[in-house]
Amino acid sequence: MNDSVVDMKSSVPGNSFAETVRTTVGRTVVGQEVVVERIMIALLTGGHLLLEGVPGIAKTLLVQAVGRAVDLQFKRIQFTIDLLPSDIVGSEILDTNTGNFRIHQGPIFTNLLLADEINRASPKVQSALLEAMQERKVSIGDATYELPAPFLVIATQNPVEQAGTFELPEAQLDRFMLRHRLTYPTPEQETEVVRRGLELKLKRQGDGAVPMTAFDAIDDSSPFHVKDLTSAMEAVLNVHVSDVFMRDCVELVTLTRSHPDIELGCSPRAAIALVQASRARAFINGRNYAIPEDFLALAEDVVLHRMRLTYEALAQGRRGEDVLSDLLTALA
Amino acid sequence: MSLVVYILTVFTMLGATDAQPMAEATRGIAGHVTIEVEQGMLRGRPDLDLDSPLLIRIAAVHSRPEGGFLFDLEFLGTQPGVFDLREVLVFSNGASTAQLDPIPIRIVSHLADHSASDLAMTMPPESTLRGGYVTLLIVIGVVWILVPAIVITRRLLRPRPDPIVTPRGPTLAEQLAPLVEAAADRQLTIPEQARLELLLYWHWQAALQLDESRPEAVARLRRHDDAGQLLRTVESWLHDPTTAAPTRDDIKKLLLPYGHVSTGAVS
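Which chain is which? The protein sequence lines are X and Z, in order. Residues in the first sequence are numbered from 33 upward in steps of one, following the working numbering. Residues in the second sequence are numbered from 5 upward in steps of one, following the working numbering.
Same shape as in the complex, but just chain Z (with noise of 0.2 Å):
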């Protein structure tokens, strides 16, 4: 019996000599070793992070004359036990690296079993963005736009206030009737006189369609054909003093036509 034990002791012995040997690393501090690789590039796997029970980073690449590469691994552990480096490598096409040689790791941890310690001494954030700070710049872009379309379409749903009807003046003629009425039964007062001269101008200023300003329209006016006459009559009747005052019936006979006149109408 004493003799297997010694012979599987020998040959235990010998083939821990021919392995590779086993990095190992005390857990939180980075451990080392040099790997080679013929069939590419290596990277880490991109999704470990501090929960991960080993955490890897590449130190450095070597490429060999002869073919292949020196990769200088440096390697964390959070969690003590035996590890294949593998499993926490890939190529850098995302290929898996099952096909290499294992590479075995040992972290150890000099703690007391179940002694509580926080590797990485990571604070829980007090209030995290449910969602991903992505999703609330999209939740604040679509209200940023809701808020105005909603404002937008209320007020093109709202039934319009009905338009407010301003009272309509009154037109020329409408001025102009009741003055020549009252001239012909009474004396005009002197606002009336001054009144129904205007409205006369502004009469025929607008039957004759001038454009032009006021004062340009009663200078033309005075000197047309068929208005010049009674304006420069009325002209004559109201500021002329050497004119005498005309008779009820002269005003009666001049303003005859504009007792009924409607804008447009005079040609």
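In isolation and in its complexed conformation, chain X is listed as follows (with noise of 0.2 Å):
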């Protein structure tokens, strides 16, 4: 094998700049390299990103580190039972010196919000959230306001526990663009983390001190601003897609509509969706034009969570990522 032959238009600027994210992000988080590339993604096409992953993977470190290379505004909301929406939107507070309501702007008005486990709040705070996420932007009493570009939201899943949780509907799972897996890191990068721990001090205040987390050791130095992002957002929007690609990409959303195994096919969202993340990913990869690669690496991710099985299917077992193989095969 060949690994230098990657791709051939490595002089397009986005090699460097997912290059030098990578670099950054890799001071503080050991691997994920694809979860890395999956937020890029979602960064670069403003689709909205869904992880699913057991807790401590490093989701929360993950999302901060990525949002502090491109020099974003982060915050982060822990999505429980009692959250109310304007919890996340906010709300009109009376003013006692003036006597006159002000609107107090919630946790959505940032750049980059974490929704940790999202599936923990109650459907109406789920959907104020995907509204929000769909109109970018939020009524406060009787005024609109504009969320802040870029808006992105990255929401987390936990797969366990499920107990006393809301699992999001496919309407509403459709909203994001991407839903990616998390796996437990590997043995060596399972090391390389806790050498990294070993290798914390302590952050003193005052007299006292308090150990340092990994967050305390996410880089402060951002290599990226918001204007390069919206410049290399702007170059995403050139990567070429090709007619055959684009077939490609319908035909595998439509697929799912006729699969015996599928209950739920994929909405036109699905199509776009894959298109638009293919031409971020072959951006990525120093790409000026998007290659079946792409979107066969990014099908997972954009397709399984828009489709539902039988219960047929489920019942013999099948998985989406099964079925999934079988639609990739029927393209050709």
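Taking CB as the label site, the calculated pair distances span: (1) X:Ser-290 <-> Z:Gln-191: 24 to 34 Å; (2) Z:Asp-253 <-> X:Glu-220: 47 to 57 Å; (3) Z:Asp-253 <-> X:Ser-357: 34 to 44 Å; (4) X:His-272 <-> Z:Arg-172: 35 to 45 Å; (5) Z:Ala-153 <-> X:Phe-198: 51 to 61 Å.
Partial pick of chain Z residues on the chain X-facing surface, computed with a CB cut under 7 Å: (6) Ala-198; (7) Leu-202; (8) Val-222; (9) His-243; (10) Asp-244.
Keep in mind the hints are simulated off the structure, nothing from the lab. Glycine included, every Cβ here is placed at the ideal spot set by N, Cα and C.
Please dock the two separately framed chains into a single complex, following the hints provided.
So this is what it looks like as structure tokens:
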């Protein structure tokens, strides 16, 4: 195999952008290159990302590190059952000094919002967030406010401890451009994580001190700024998508609607997401055109959460990944 | 003559005075008699039933200090007459009681002869289980086992239908060859171009026996020494807007090895 032959158009600036972000994030987070790539795709396309993974695999740290690398304002909301829409969006508060109502903007007014364990909140709160994700503006009282640009929601779901959670319905899952499932790090990566943990010092506050955490070790220097991200987003829009590539994406989505094991196929939003995400991936990999490898690599993250298997298929032990494999084979 | 009768009468009365007095009971009413037995314990004959002329029950047993037992016997006659209780008794080990002294009893009836009476007032059952309950259970058990056995046997013996032969789908090579030939003759349509490109990937994945998923295999194939060059060239033709469209000769030359390939032929 010739590993050096990756992409022929390495002069495209996306490669350096991606490499710099990867390097910056890599100083804080060990491994998880695929997740970093998915977050960058979400950033570059303005799509939202749903991360699924067990606790303790650096989801929050990763998102915060990527946000810091691109100099984005970052906020985090821990979703709980008693959370209210106004806790996210904001509310009108009576100012006792002036006797007038003033607007208190909620944590949604940020560039990068981490919605931790989104399935723990009530459907009303989920809907409020998902509506804001879609429209990129919120209403507080009688006024409507635009959300900052860029605006990206990265939500997390915990696949275990499902008691007392509200599973996101397919219609709301469809709002997420990508859903990525995180896995445990390899033993080598985990060893490196532990080693880095040993290097953390004390953080002194006055005469006292607390142990530093990985969050304290996030590199504060931002190699890029929001305007760089905007330029990169513009560059992504210039990535060429051939008719052949578009046919592949549309055909894949169309096949989900006729496969006997699929009860609910993908919406046209899936094809749009697949093409847009593939463009961003091509840009990240230094190409100015998308190739089948892009949509094949992203198919699982774009398609699986948008389709629902039949009861019979589930009873036979079929998984979404198995059906997707059938679909990819049937594309040719 | 009258003297002889007198002597006989006196003798009889004397004999009767020395012999065991005969217990008497009315038919259907229990009578009691107590006997002394030294040979062992007694019990009633187990085969007696309501049709037997005499039923017996050992009401009480008393052990005598000097040895032996006193048995308080309760008997019930179903027919009038004189009976010997030895006939309805056995020793506890099943031995006959013939060695005992006779135990005569008399059952009398106060009803007129031939008067109809049913002592036990038993009614015959409307239906009876011929052969008995155990037999019935055995029959049910046999049927229980036989039914599934017959069903299973019949299924095993049933001639098997011919296996359904599903038409074999075209192999990768069979799908690829016409597209390669068409590409040499004319401009392929967009779907044909897309299928040709993906078939080349699938063909190489099968030929190189890459077991990973399609996406992983494609990423690997693009970097493969043999497959990579072809696949990247096709990729460049189909997707890179800066690459000049290939001539028919270029296409022919590139795809020549794939016109007659069979899966696995390429190593």
